[in-house]
Every structure is written in structure tokens, then in C-alpha cells.
Amino acid sequence: MKNFFKSIFIIFLVTSLFSQKAFTDETKKLLSTDWSFKGFFGKFDRASLQRGYQVYTEVCASCHSIKYLSYRNLSEKGGPEFSEEQAKAIAANFEVTDGPNDDGEMFTRPAKLSDKFVKPYKNVKEAMASNGGAYPPDMSVLVKARSGGVDYIYSILLGYDDPPGDISLEDGVYYNAHMYGNKIAMPKPLSEGLVEYNDGTEATEEQMAKDVVTFLAWAAEPHLEARHKIGFKAIIYLIILSFLVYFSMKRLWSRIEPKV
Amino acid sequence: MSAHNYVPSSKLGKWFNDRLPLLSLSSHIREYPTPKNLNYWWTFGGILTFCLVAQIVTGVILAMHYVAQADLAFESVEHIMRDVNYGWLIRYFHANGSSMFFLAVYIHIFRSMYYGSHKSPREVIWIIGMIIYFLMMMTAFMGYVLPWGQMSFWAATVITNLFSAVPLVGESITNWLWGGFAVGNPTLTRFYSLHYLLSFLIFGLVILHIWALHIPGNNNPIGIELKKPSKDTVPFHPYIVIKDLFALLIFLILFAFFVFYSPNLLGHPDNYIEANPMVTPNHIVPEWYLLPFYAILRSVPDKLFGVIAMFASVFVLVILPWLDTSKVKSAIFRPLYKQFYWILVLDVLILGYMGAMPAEGTYLLIARVATTYYFVHFLVILPVLGYKEKTLPVPLNITEPVLGGSPNPDMVKKKELYD
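So the sequences go chain by chain: R and X. At position 84 of the first sequence (counting the first as 1) the number is 84 in the numbering used here, and the numbers step up by one without a gap. At position 51 of the second sequence (counting the first as 1) the number is 51 in the numbering used here, and the numbers step up by one without a gap.
Quick caveat, the hints were computed from the structure, so don't treat them as lab data. All figures in this text were calculated on a predicted structure; none of them were measured in a lab. Just to be clear, a hint being listed does not mean it is correct.
Stated by the list, open to error - Output of the computed footprint for chain X on chain R, the stretches with three or more beta carbons under 8 Å from beta carbons of chain X: (1) 143 to 156; (2) 234 to 246.
Unchecked claim - Computed list of lysine to any residue pairs in SDA-like fashion (alpha-carbon distance at most 25 Å, straight line): (3) R:Lys183 / X:Val57; (4) R:Lys119 / X:Val84; (5) X:Lys327 / X:Val84; (6) R:Lys67 / X:Val57; (7) R:Lys229 / X:Lys327; (8) R:Lys144 / X:Ser112; (9) R:Lys116 / R:Ser62; (10) R:Lys144 / X:Lys327.
Stated by the list, open to error - Some, not all, of what chain R presents toward chain X, calculated at C-beta under 7 Å: (11) Pro136; (12) Leu169; (13) Ser254.
Note that beta-carbon positions come from the ideal geometry of N, C-alpha and C, so glycine has one too.
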């Protein structure tokens, strides 16, 4: 029997080695940083979310939409928590098409809290036409749509480099150490001091990447904080209840036999 | 059975019970004599019932907010995640619920195989169980299509395309399944309708499954038929109820961990990209619980025979009660079968792993060996084993080995196995 389990163990070891090899061949190890929203008590860093929103609007938003986010979300609990006035002011910077009015005409008006984030392009075709045929993906759930998640987006943002000698790049394509195939159609988006943070934080590339990825993580999962909070309570509750039920069970079964 | 002699104490109760014996039924369930040596592997029946009910409840709520239309489905799921009160909780519960459901059902099935619960007189329970399992796979697959992400779309394309392997009418069948000439809106709406329907079909079959169980009563770890009720049995309530409840709570802790702390771990990132018929994902993989069958499908070089092999791998389970020829039920008394059993478990795990890997090179070779072994286990090893194996003596009742009163010293030594 012992030999048998040993052989199982060896087979497992061999198969897992195979897979390890297969994975390491393809991709470089992703960069990471100390994300505040991971773990059992993970919460978003409010200031980082607000800075991240600034990076998104000033840098990303000219090409990338976040179509499932509304301006009201910016002031909701668990998010960047701008005040309602701030969120209203942010929304008022954008023009949306509404209508038809009583004359049957469409008209534009400043955006309200209830409006979704205004998209940079009317549709996918226009987005592709303006970006050399490459579609800048919507960022609403981007973090959840890439294996590696936040680490992956963070790595892409910091993965730009001069191409090694053996790689030749066509026009409109850039080298990125973490992109699949190492070629990316997005030009390097971040550079030292590109945005000026209101809170005086120094806008290094790493800082901006961290802030904007934190913002995207929230955009993909706006109820993450509530989920962590409720989850912790639920699990504690279940553990306590399990203990109570366990001892009741022991008590009941002791009528039948000492061991359950 | 004692329940048949049940007489309600109140006059109203008697009046009602004479017309519809619900009270007799409830009395039967309470007093249902259950072997007292059932171990925790037996609690998964109750856990599965919970899973089914939880899936139906969360599913019905999701259906109130979900829009089964190809242009709106993805958006409506995001609407549930963002704007519906606790929509994220309900959706993550439902999505991870299917994984937990399958985890439990695999343990349940392998428990049956270990302790010989599929054998006479429980063949019908087993066959109904296998039908439930097959419907579960269909329901899960159709449910996976509903969010209309990239994996949804391409999984639907790959699986429905399997039917094109049918000679002569293959293409007609696939077009009929799609409701058009490609996977599209008609496919989505019919999958939605059937996903809803099948869950209730499963519910009905579960009732039959339990009914069929209550005729011969539970099997037990030593696999002997008990005279009921006797000193070897306990009433279902409260003894088994509380034990099932305890196991369910432990199971729920694991469940909660997935729902609250890694809700997307078991899913595929590509399913958060909206379905796009123009872009094929690099690797199309089904959910983890279907991977062994996917590996079997891909390990056969011919498409038609691959599909046949895949369906055969389920069908071979249906006829298991007649393939396993041994008179002894429990693996405890079958030293050889026990080893082959664990090899099968390993084989299925390997198949699952290979199903997730690209079908090429060493992976394909291992998948082919594992597929062959899977069928050899059921079609060759099990029937032969029943005649060749020298089994250990089976005790006459549960109390005997428990109290150490067995004339067979080997039994006394194995005492700890029974409780």
C-alpha cells in the first residue's frame, strides 16, 4: 500500500514538473506591488483610487472606455468616495447626447450622476479606425479579463523597453516584455511626471501605474470591500455554528455510542 | 416500514392524512432507519440536496435581472454585479455553486463506487443518479453560455459542433441546435430556456433518487444489508440530520471562501470579454468539472469516434452495476479492487489535467493512455476481478465488529475502519 501511494506521488510530481516547465517557457514573471485590496481584510486605498481616477481621465480615457461605470459610483461607499458635489462637478465636465426633446430633436447636455462614463469613441469601428486597426479594450472588467489580473496590467504598464536585437518591430507596434508575443499596439502610456497629483504625491511611473491599476480593480469589482466584509462575518458565523452543531451532535450520538 | 403504521394524534391530522398522507411521509422520513456506521462520505447526499436548492433559489433571482439577448446578456450580468442589491453575492454564489455542486457530486459518485452502493439491490438508485449527473453536465454547460463572454460563446460553438460529426444528418442537427447557421441569439435564448427547465427536471429526478433509496435503505461502509430497524440502525432524525448539518456547515465554509475571497478563481478570465465571433481564444477550455470528458474527446484522432468515446465514458458508468461482477460490495473486503479503485481516481485526475492542457505532444500521449485505462478499468478489470479476487470475510452485522465480538481476528483488527 505504501509503495502504491509513493508511486502516485511520483506521478503527480512528474506531471506538475511538466506543467511548471510549460508555463515558465511562455511568460516572464509578472511584476507586483503591495496591493491594499488583497487578503481577508483587503480595502482600497481611497487616496490611491482618487489619484487613479485622475490618471485614468488624463491618460487612458482618450482611448479606453469604462462603459459600465456611472459617475454616481465615484461617490459611492467602497470606491474613491469623492463627495457628491465633487462627483457632480466631474460629471458636468462631460457632454452626453439626450433626447428626443418635445420638438423631436436630440440635444447635448452636461452629464449627471446617473449617466454612464462617456465613451471616447462612438463605436468599436471608430475606435479601431483611430488606433491603427487595434481596438483599445473597454476597461470596465479588464482586470478580471486577463489572467494575472492586477499584476498583469501593472506589468504591461511598466513593461515597455527597447526591443532586444533579434526582434524587429513594424510601424505602430511597440515592444513590451509582458505582452503576449512581446508586441503591443499601445504606445508607452506613462512617463515620469505625466500627471500632476493634487495631493502632492510624486508622479513616478510606478506610482501612476499602481494608482491607475487600483482604480481599474475597483472599476471591475466595485463591491469588493463589501464582499470582504460580509465574507469575514459569514465565515466566522459558520465556524461558530459548526462548533455548536458539532457538540450537539456529540451529545446526541452519545446515546447511541461514544464515537460518531 | 414503521411509517406505514403511523396514525396522527389530532383529529384534523387524521382527516388530512387519510386524504393525502403527507404526515405519514414526514413520519417515515423522521424514523427512516439508517445504518449507524455511516461515515462522513455519506453526508454528501444531503450536501448535494442543499446545492441543488441553492442553485435554484439563486438562479430564479438571477433570472429576474438577466436579459437573454445576445447584445444585452453580457451587460445585464454586469448590471447584476453592480446595480442589483447584493447581485454580486447572488451571482458569485450561483457561479461558484456549480463548481461546489460538481465537487460534491464527484465525491458522492466515487463514494458509491468505493463502497459498492451501485450494486444490487440499488441499481435503480445508481442509474437515476447517473441520469441526474448527465443532466447536471448539460445544465452547467448551458448555464456557462448565458453570460455570453468569449468562453461562453466558444464553448457553445465547440460543443454544438460535436454533433456535426454524426454521419449524413450532422450538419442539419447542428443548424437545428443553433437555430441558425452559427451560434447566435437563437442559441442563447434556447439555452436559457433549457437551463431553467433542466434544473427542475433534476429536482424531480432527485425526488425519485431518494424514493428509490428509501426502498432498500442506505448502503453502509461494510456493505451488508441490514434488518431494519435494528440495533444496527438509528432513526434519520435527529441522528443523521445533525451529522449531515455539521458536514454541510464545514462544506459551506469552503464554499464561502470561494464566493467571498476568490470568486473568479474557478472561472476563466476570457469570460469577462464580451463574446466576439470574429476572435477565437488561444485555448478553448470547458469548466474544470468537464475536463476529463474533454480529454477523452480530444484523445481520439477521429471526430466521430471521439464523440462516441465521450458519451461511452458516461454510458459505461450507467451499466456499472452489471460490469462490477463481485458479490462483495465494500472495497474494505476487496484488497485488489481497492488498489484498482485508487488507480482509477488517479486516472480521472490525470484526464482532468490533460483536458486543460493543449492536445499535443506528451500531453496527448498521456491523455490517450489514461483514456484507454479508463475503459479498461470498467470493461476488463472490473468484470474479471469479480471472479478472480479473493475477498476478505464480511461480518454479519455492524455491531459485531464494532464490539470486537467477531470470531475473525482480522475483523477486530480492522475495527477502526467501520466507525
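Against the structure, the hints come out as follows:
no.	hint	in the structure
1	143 to 156	holds (count 5)
2	234 to 246	holds (count 8)
3	R:Lys183 / X:Val57	violated, 46 Å
4	R:Lys119 / X:Val84	holds, 23 Å
5	X:Lys327 / X:Val84	violated, 56 Å
6	R:Lys67 / X:Val57	violated, 30 Å
7	R:Lys229 / X:Lys327	violated, 54 Å
8	R:Lys144 / X:Ser112	violated, 38 Å
9	R:Lys116 / R:Ser62	holds, 16 Å
10	R:Lys144 / X:Lys327	violated, 52 Å
11	Pro136	violated, 14 Å
12	Leu169	violated, 22 Å
13	Ser254	violated, 11 Å
When each numbered hint is compared with the structure, violations occur for hints 3, 5, 6, 7, 8, 10, 11, 12 and 13.
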